[in-house]
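Residue numbers (my numbering), protein chains in the order written: chain S, 1 to 294; chain U, 1 to 330.
Treat the hints with care, since some could be wrong.
In silico DMTMM-like pairs for lysine to aspartate or glutamate, Cα to Cα no more than 20 Å straight-line [as the list claims (entries may be wrong)]:
1) U:K189 - U:E202
2) U:K296 - U:E253
3) S:K268 - U:E138
4) U:K296 - S:D122
5) U:K296 - U:D285
6) U:K189 - U:E327
7) U:K189 - U:E199
8) S:K268 - S:E225
9) S:K268 - U:E243
Some but not every residue of chain S turned toward chain U, in silico, with C-beta under 7 Å [claimed, not checked]:
10) V40
11) H98
12) Q99
13) L102
14) L116
15) L276
16) L280
If you are wondering where the hints come from, they were derived from the structure by calculation, not from laboratory data. No residue lacks a Cβ here, since even glycine has one placed at the ideal position from N, Cα and C.
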Amino acid sequence: MTSDFLLALAQAIAKGLLTGMVYGLMALGLSVIFGVMRVVNFAHGEMMVVGMYLAWAAFSYAEVTPLISLPLIALLFFALGYLLQRGLISPFINRPEHQQFLLLLAIATLLANGALAIAGPDSRVVQLDSQFDSYEVGPLVFDAVRVHAAVAALAIAALLWLFFTRTRTGKAIRAAADNHMGALVVGLDVRRLYAFTFGVGAACVGAAGALMITIVPVTPFLAAEYTLLAFIIVIVGGLGSMTGALLGGLLIGVSEAVAGLLLQPSLKSMFSFGLLIVVLLLRPQGLLGRKDAR
Amino acid sequence: MSRLTAGVPPRVLVMLAVLLALLVAAPALLGGYGLSVLILVLYFAYVGQAWNIMMGFAGQLSLGHALYAGLGGYAAAGLYFHYGIGPWAGVVAAVAAAVVAGGIVGYLGFRFSLAGVYFALLTIAFAEFTRIGFDNWEWAGGSGGLFLKVERNVLDIANLRGGPVLFYYVILILAVGCFVLCRVLLESKLGRYWLAIREDAEAAQAVGVPVLRCKMLAVTISAALTAVAGVWNGFYYNNLFPETAFGISRSIEITLSPIIGGLGTLFGPFVGAIVLTGMGEIFTDLSDWLHIAGIKQIFYGLALLVIVMYRPAGVWPWLARRLGVEERRS
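Kindly generate the complete structure, drawing on both the sequences and the hints.
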């Protein structure tokens with residue numbers, strides 16, 4: 001092993017960790033929604049792509065950088081998620097899984113193809129002024145955009161943690177997730193809490209989209225890939241666990257970057273799916289999930 | 001034969017006979033376009049029926065059925081392409097490959113007692129894993145795809161080379177055969193066991209149903225039938241790509257006819273295939289006229305939304321009630 005190789009490896013790991021933070025934020029949205037409502041959001045990647053497009057549109061039409069438009073996008077996604085849950089998903093909460101799947105598949109189809117109809121099939125890029133800046137720590141070089149995106153993702157995750165542990169609404173949502181009947185008995189408005197949760201989950205993925213566009217160009221066809229990626233991350237980390245989603249994001253970010261370095265790039269997601277199979281079989285509750293979460 | 005038709009009202013038998021006669025006569029009655037649409041309907045009815053065995057009868061949600069269709073298609077097409085072995089022999093290899101794959105997915109999933117969403121994710125993971133594998137496998141053509149030679153104006157039944165009429169009759173026989181098989185299975189002891197497992201697996205286990213063996217039979221039978229559809233599909237279109245053969249969109253496509261038509265019913269996949277293919281054709285025309293990218297899929301998504309909102313149990317149970325030909329609840 002030469003020191004050149006070790007440096008390249010360290011570089012790939014660093015890059016993977018930074019991208020992984022954004023992955024983690026995306027997966028956090030999926031995990032929150034599932035953890036509370038037991039609904040699998042099959043439209044997650046599609047929502048991500050819509051978030052990326054909104055940040056792109058804000059940048060190219062109004063010259064607002066994604067980090068500035070992010071709070072607005074998150075707010076908009078919160079409202080959309082809230083209404084979506086209230087209007088469409090709410091009646092399906094206790095329906096069989098295949099019906100929930102079909103409903104979210106329909107929503108996913110509408111979102112991805114809505115994006116295609118409006119923005120077209122070409123890939124869209126956000127070219128920031130800081131595009132080529134970097135931070136150097138010893139021999140390692142960190143892309144500035146990646147560092148900013150990762151720090152923002154971490155900050156949002158921290159805010160979310162504060163929301164769930166410090167606010168009344170956040171605690172009430174956790175109570176409803178732990179014990180649905182109990183929450184009803186003590187008089188919580190579970191329907192409103194569910195809508196709120198879907199809003200929070202949507203805001204996470206919208207924010208993740210606004211960050212991701214600074215790293216990766218967007219096309220409508222990325223949507224299905226992101227949905228699968230979010231599934232892999234939450235299963236590996238533990239479906240319904242918040243720290244698990246972040247850890248899973250980092251793990252998948254690093255494994256993709258390292259596999260991209262060592263193997264052909266086309267094989268890197270094979271590695272992720274292989275990891276998904278192993279975790280599903282050996283530890284279906286995920287690395288940090290609870291046993292009864294199944 | 002008598003067991004097959006036991007409990008079916010004579011009126012329904014007459015209707016089925018008329019329907020079958022119309023389907024047999026269809027190539028003479030329809031033009032080229034009409035026949036191509038009907039071919040699609042029968043294909044989706046067949047493959048939906050195959051998926052329905054696993055989900056509709058035994059209650060195991062698979063979102064990775066493209067794995068079996070893709071393996072089947074690649075096995076038969078690869079044997080024909082490389083060694084000139086015709087699809088009638090190739091289908092044996094195709095079924096064997098799919099049964100092995102289904103056996104592995106099923107055994108691992110059931111043994112480690114994954115249920116519902118977790119099992120569905122496992123099936124997706126295996127299909128995607130295989131897709132990427134085929135992307136990088138030279139023998140199967142890699143991501144550039146595998147192409148069968150297109151021969152015009154030949155009728156070579158031994159190698160399944162010919163025009164739409166040949167493929168129409170093959171898929172018609174498959175669809176009718178699968179329909180009859182499903183009826184037989186549902187009426188058999190195995191079928192009863194499946195329904196018991198679907199409704200409550202723990203209770204079924206408690207009263208002595210061999211749950212694991214029944215689930216394994218469901219997944220392997222379903223995989224075998226799906227592989228045959230994959231072979232037909234590969235030879236009909238003359239090309240195979242990992243993305244279209246194993247991709248998640250193909251798996252979803254397979255599930256739609258039975259879900260839209262009515263899960264667990266015999267006629268559901270057929271009705272669902274008519275609804276979906278019909279909608280697809282109308283929306284294609286509409287989008288040709290509108291010239292907006294993605295508009296076809298938007299209409300499609302809206303239609304799915306309307307159906308799942310207002311007919312969550314599927315179109316067929318509702319339609320059957322209207323026609324007075326309800327299937328016995330299964």
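We went through each hint and held it up to the structure:
A hinted pair counts as satisfied when its Cα atoms are at most 20 Å apart, and U:K189 with U:E202 qualifies at roughly 18 Å. Taken as a hint, the U:K296 and U:E253 pair is honoured in the structure, with Cα atoms around 15 Å apart against an allowance of 20 Å. Pair hint S:K268 plus U:E138 holds up; C-alpha atoms about 18 Å apart against a cutoff of 20 Å. As the CA atoms of U:K296 and S:D122 are separated by approximately 18 Å, the hinted pair is consistent with the 20 Å bound.
With a C-alpha separation of about 9 Å, the suggested pairing of U:K296 with U:D285 holds against the 20 Å cut-off. Proximity of U:K189 to U:E327 is assessed by CA-CA distance (about 18 Å); at most 20 Å being required, the pair is judged to hold. Taking the CA atoms of U:K189 and U:E199, the gap is near 16 Å; set against the 20 Å cutoff, the hint holds. Taken as a hint, the S:K268 and S:E225 pair is honoured in the structure, with Cα atoms around 13 Å apart against an allowance of 20 Å.
For the hint pairing S:K268 with U:E243, the CA-to-CA distance comes to about 16 Å; that is within 20 Å, so the pair holds. Look at S:V40: its Cβ gets to within about 5 Å of chain U, closer than 7 Å, so that hint holds up. Annotation: S:H98 was flagged as interfacial toward chain U, and the flag holds, the nearest CB pair being 6 Å apart, inside 7 Å. Interface hint status for S:Q99: upheld, as the beta-carbon distance to the closest one in chain U is roughly 5 Å, under 7 Å.
Because the closest C-beta pair between S:L102 and chain U is about 5 Å apart, less than 7 Å, the hint holds. Here the hint on S:L116 is kept, as its CB sits about 3 Å from the closest CB of chain U, short of 7 Å. The interface hint given for S:L276 holds, since its Cβ lies 5 Å from the closest Cβ of chain U, which is under the 7 Å cut-off. With a cut of 7 Å, the hint placing S:L280 at the interface with chain U holds, because the nearest CB-to-CB distance is about 5 Å.
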